[in-house]
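Q: First to last, the sequence lines map onto chains A and B. Using this note's numbering, read the first sequence as starting at 33 and increasing by one per residue. Using this note's numbering, read the second sequence as starting at 33 and increasing by one per residue.
Heads up, a few of these hints could be off.
What the hints assert, rightly or not - Cut-off 25 Å, straight-line C-alpha distance, at most; resulting in silico cross-link-like pairs (DSS-like, lysine-lysine): (1) 217(B) x 115(A); (2) 161(B) x 53(A); (3) 127(A) x 143(A); (4) 161(A) x 115(A); (5) 143(A) x 217(A); (6) 217(B) x 143(B); (7) 34(B) x 113(B); (8) 113(A) x 217(B); (9) 53(A) x 113(B); (10) 217(B) x 127(A); (11) 113(B) x 161(A).
Hint data in this document are derived by calculation from the structure and do not stem from the laboratory.
Number of protein chains: 2
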Amino acid sequence: MKLLEERILRDGECRPGDVLKVDSFLNHQIDVNLLCEIGREFERLFHEAGVTKILTVEASGIGVACITAQFFGVPVVFAKKSKTSNIANDVYSAKVDSYTHGVTNTVVVSKQYLHPEDRVLIVDDFLAKGQALLGLSEIVRQAGAQIVGAGIVIEKAYQGGGDLLREQGVRVESLARIASLDPEKGITFM
Amino acid sequence: MKLLEERILRDGECRPGDVLKVDSFLNHQIDVNLLCEIGREFERLFHEAGVTKILTVEASGIGVACITAQFFGVPVVFAKKSKTSNIANDVYSAKVDSYTHGVTNTVVVSKQYLHPEDRVLIVDDFLAKGQALLGLSEIVRQAGAQIVGAGIVIEKAYQGGGDLLREQGVRVESLARIASLDPEKGITFM
């Protein structure tokens, strides 16, 4: 998506430690007009998929999921990060290693909000090693629901998470796919 | 807001310990159509306020903030919960006691995203004792910006947080104001 790539080049910052900082428009300050264009594009890509629910994980996925859900006319469900390892039996749960924060979270979704007849589009702001996406996929599988695909704003393609998911048969659509990230040389796209 | 009150009566659950559970439409599963009506109402209420930014706090405030921001045509900034007590000098920060979780969080906003010329509408899903709102107000004050008001989806009016803020001169507009909450007798509105 050209508009998004241009925005990343203009306002994204490469930081040491393989960090792409897009705080100014995606995950601290949020440019809602840009999210609208992103949501519209996800709807175009998954128009025929019969989506019944958008699934994301707190916190920074929630904005893009809500704006996207407007174009599909379906509810959002966001997985919650659980601080306890005691998981209640009324939730689906999965473990997620956070690449950015170096911790493992358990994410949970109440069994009330995902059902076997659901056709789920997973939406998230970032895809790197794919841990969040794998966790969300696991939750959808526990519910016996169908994953119709994943709509990702920015994929760090060189980290392999997207391809891991694609090899598992998940349709992953990323609106910007980063080929390399270097504080000196800048950002290149696939 | 009649639509919201009806929804709370239909789908809200009173739980022991003074908990109003609105997980099915507001803060786990999200009814985006309802959020649209909420956002439209906030825009009607604060139409003349010259809002330049919507400020909320992660996680469950982000959805309502993003949908609301569409009606104002302004960016969202969400305060992040910081796990460390070492606060960097490039952020504004405030301490927030969480009524629900019994912990104190520090919430931070990068200095890049709030400026003295900003006219800030604070948006959140819940207002009880007012701790989150006080923390966000403190951050706006640190930035030297103007708080034009707070748009709240559900205020537990009997817990006093709303009135505390109103006494400080903040215009607080809550779309549903709960007068009492009782697992036996149900929910009553102001």
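Q: Evaluate each hint against the coordinates.
A: Against the structure, the hints:
no., hint, in the structure
1, 217(B) x 115(A), "violated (33 Å)"
2, 161(B) x 53(A), "violated (34 Å)"
3, 127(A) x 143(A), "holds (17 Å)"
4, 161(A) x 115(A), "holds (22 Å)"
5, 143(A) x 217(A), "violated (47 Å)"
6, 217(B) x 143(B), "violated (47 Å)"
7, 34(B) x 113(B), "violated (33 Å)"
8, 113(A) x 217(B), "violated (33 Å)"
9, 53(A) x 113(B), "holds (18 Å)"
10, 217(B) x 127(A), "violated (40 Å)"
11, 113(B) x 161(A), "holds (24 Å)"
Violated hints, listed in ascending order, are 1, 2, 5, 6, 7, 8, 10; each of the other numbered hints is respected by the structure.
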